[in-house]
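What follows is the residue order along each chain.
There are 2 protein chains.
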Amino acid sequence: MTTIQGKNFIGYSLSALATKTFRSYVPAQDNYLEETFHPATPDEVEQTMALAEKAFDTYASLPASQRADFLVAITEEIMALGDALLERAHLETGLPMPRLQGERGRTVNQLLQFADLIREGSWVEARIDTALPDRAPAPKPDLRKMLIPIGPIVVFGSSNFPFAYSVAGVDTGPALAAGNPVIVKAHPAHPGVSDLTAQAIVKAAQRTGMPEGVFSMLYDDGHEVGTALVQHPATKAVGFTGSMKGGMALYKMAMERDEPIPVFAEMGSVNPVVILPKALESRTESLAKTLAGSVTLGAGQFCTNPGLVFTVQSPALAQFEASFQQEIAGVASATMLTAGICQNYRSLRDEAVAHEGVKILHRSEAEANHSNQAEATLARVDAKTFIDNPTLQEEVFGPFSLLVVCEDTEELYTALALLKGQLTTSLMADAEEAAQYPQLLRLLTRRAGRFIMNGVPTGVEVCAAMHHGGPFPSTTDSRFTSVGRDAILRFVRPQSFQDWDNSLLPAELQNENPRGIWRLVNNDWTQAHV
Amino acid sequence: MTTIQGKNFIGYSLSALATKTFRSYVPAQDNYLEETFHPATPDEVEQTMALAEKAFDTYASLPASQRADFLVAITEEIMALGDALLERAHLETGLPMPRLQGERGRTVNQLLQFADLIREGSWVEARIDTALPDRAPAPKPDLRKMLIPIGPIVVFGSSNFPFAYSVAGVDTGPALAAGNPVIVKAHPAHPGVSDLTAQAIVKAAQRTGMPEGVFSMLYDDGHEVGTALVQHPATKAVGFTGSMKGGMALYKMAMERDEPIPVFAEMGSVNPVVILPKALESRTESLAKTLAGSVTLGAGQFCTNPGLVFTVQSPALAQFEASFQQEIAGVASATMLTAGICQNYRSLRDEAVAHEGVKILHRSEAEANHSNQAEATLARVDAKTFIDNPTLQEEVFGPFSLLVVCEDTEELYTALALLKGQLTTSLMADAEEAAQYPQLLRLLTRRAGRFIMNGVPTGVEVCAAMHHGGPFPSTTDSRFTSVGRDAILRFVRPQSFQDWDNSLLPAELQNENPRGIWRLVNNDWTQAHV
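For the record, the sequence lines run as chains A and B. Position one of the first sequence corresponds to residue 1 (our numbering), numbered consecutively onward. Position one of the second sequence corresponds to residue 1 (our numbering), numbered consecutively onward.
In isolation and in its complexed conformation, chain A is listed as follows:
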């Protein structure tokens, strides 16, 4: 069985210069595990970045097939850790084993999708415009363009996905796939899982002959290491999933550098769900059940948790409210990720329900003998109060949802128009009913990155058509997704080659199209050679 090291992974070495250490907290038991973890020192940050910088040229120049082999090897090494990895995650996060097993599967699947993507190769968006030497008044040069990697990427592991958005998750996979070295700042809420995963990545890198520095991982239970990494001149982009406060701090830090760099921070969302009257009437029970399941899934610890449900006064509403609260009540309480997250949940929820006009429909009890359990809570408010109190649209991270009842469609539009940018919006209505509300469709479309019909926002499919991102403040950059193949676009930039000799061009741009990729040649899409 693989032993947790507790030291910083600097290239292929372990390093623990700090005398200060921290330990893993077990939220379900309110105690600590034995291993100690060493926060990185400023010297260790410097060493790490120097190695990453050095690795970049070599790594970026490798054939895509070798980078793909590396990604596949990571998945093999992760699976080789076996149940020990899941059990450690269960201790450190309080998440149930089946969920963790599923999340590990998703993580491996994500990495394999990126391996496939770069093996196939068309993702580089090659464009070729051939020369017209005889054009008047000036000859047209030969121009060819493709996406290239940008350099070392700093990744902040998230608390709520110890695998899929952490050390080998949605940022690391595409950053490595594109040809960039990655430096992970491990999340202090699950350092043991991070340690085991880092070992898997390092093994995979060594086994597939990657240059040292292609991957490093540093510990810190404070903010010093993260700050130093974001401010380091060698860092070219940052991936982050977490709180608004954390995301905005990194974003501002990155903008204030001598050379500003992009920060892809996914920060939070209340994922409004709108139920139209006919849908409410015809599907009262099933909607209540589906929504209650989505609100309480994973103790509500998802960025896609439906925190606001809008509906209009109608005869079916009373029955829906009764069923919704009954369904919420039927879900067992669950452990939250950390003591801080649990306290924060309770205090934000209590602030929300303390507003005059907000009524608690149901509040679950935590089980005895379990620490850090979230009490699922459903509340109701009239739209007028919601409109007058902008803080009611702020995220309460946990199993909480607020039912906003509007007098009529006009009030619904007024309330929705006030919403800030979201990861998702959802509409419960059949096509015929929805078609009668064109303004509503526009309102919901413009406010989110993903618009769902007759479904809940939890569950983020890993595929090409997924956009997991949205207008500010749900993310810092609505143009990019963190999930699906297009996540790779965060860590590249285009480069044009003008009149280059064919022999010196990257394979993707050579006349012969040796990689057989799709290219836009003289404005036509083709896999043919030039």
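Derived from the structure by calculation, the hints contain no laboratory data. Be aware that a few hints might be false.
Put simply, identical chains are the same to the list, so a pair is met inside one copy or across any two.
Claimed, not checked - Mimicking EDC-like on lysine to aspartate or glutamate, the simulated pairs with C-alpha atoms at most 20 angstroms apart in a straight line are:
hint	residue 1	residue 2
1	Lys54	Glu410
2	Lys420	Asp430
3	Lys289	Glu321
4	Lys278	Asp499
With chain A held as given, fit chain B onto it using these hints.
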């Protein structure tokens, strides 16, 4: 003949609330034209943004063919202004008539390319992943994604391209093509040209039935109006071409908003050219002639002007220096765009040549009886001095170039490694010689958005494979180009539609593929229906 109005174009109305006015300066004559222009007041800014916000929903929902008709109509109305437009531009900018005629052609061509692009439609990058209702453990939903417009775009006209980077230029065209309203802040150095162009756009918008507010243009000879536009909550992105100081001021302003927005600022570049020894020997005269032409083209007032030329000590160097200075001396002096630009050129050039170790090889004289003429200047410095004085790599906007002579290849690499981000780098070498310098190719590739072989950086082809952009500080966002079809990607974001009814989807994502566009369907590129 169309009369210059001098009032702000707020939707389909003219407005001149300010009592303060300014006039057009004629740089070649050092005097002012008669018409007066009214800076916009804060009220006028508010009216403008309210109209743009209102127009957005309608305009974004129009079929692409109608937006394309609008773009084509703009080109027709611009051409209908006839020579009066060119003559006014000649007065206001000092640029020669043939250049202005060419630039007008490029501007029209750019707009027509975007009309073609949106008529064809594949630019929306449609991705479709069809549902797998029977997938275990959870069914796969149907997901479809495409690029959508984002809202009102603020465009700052540039001083050095009165047509191609101004009112109807590289920002306005793609922003309108994508479905966004545009608000132009006219450059005060050519308000008359801006006025005539705005009239053409307004006529085209009315003729093709566009919603009022799809285009507005405001005047200001100070910074108040630009600041108010960038800070306005309805503004969703900013396009700017100009100085580092101006670009960074707008960038910081946009980052400090409650909702940060992207600023695409193209700010400057010295476009290093490297000449390898064999090329210098075999093409001594032609290189000197080509480079001298590029340095002095348009009085050096191009962001792609080659401000640094690197070479290594070799027997052919003395002859090259002699020829280079002779060729520069053979070019007639030319009027600069404004008195400020001319003064700035002289002072930055004088600062550069004042460094100990910098030697002037040639300095032209301004012609008698011509104001604001730039004296083309060629200087030389040894690489050691260049390496020790980072200010020597700062842009001198105008006909100036600095020849940096390196002792050997190692010193060349050291000097190049210090370079900041550039729009372009160029290499003068045949393929055989270039292949012997892999590290040099990497150094030049990583530092610029466009890498040119055996050509000069001036001349920016408008085509799909062009990347006119580059790492900071040449632009604020190296991921986007301002020239070519991909310029449209600056003004859109992706949106996913999950399990939407086919009848409610945008045409681009419907099963039948009514627009016949290329789509990535279940990870395969196809024009077929689903």
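To see whether the hints hold, each was checked on the structure:
no.: 1; hint: Lys54 / Glu410; in the structure: between (59 angstroms within a copy, 18 angstroms between copies)
no.: 2; hint: Lys420 / Asp430; in the structure: neither (26 angstroms within a copy, 56 angstroms between copies)
no.: 3; hint: Lys289 / Glu321; in the structure: within (11 angstroms within a copy, 81 angstroms between copies)
no.: 4; hint: Lys278 / Asp499; in the structure: between (62 angstroms within a copy, 19 angstroms between copies)
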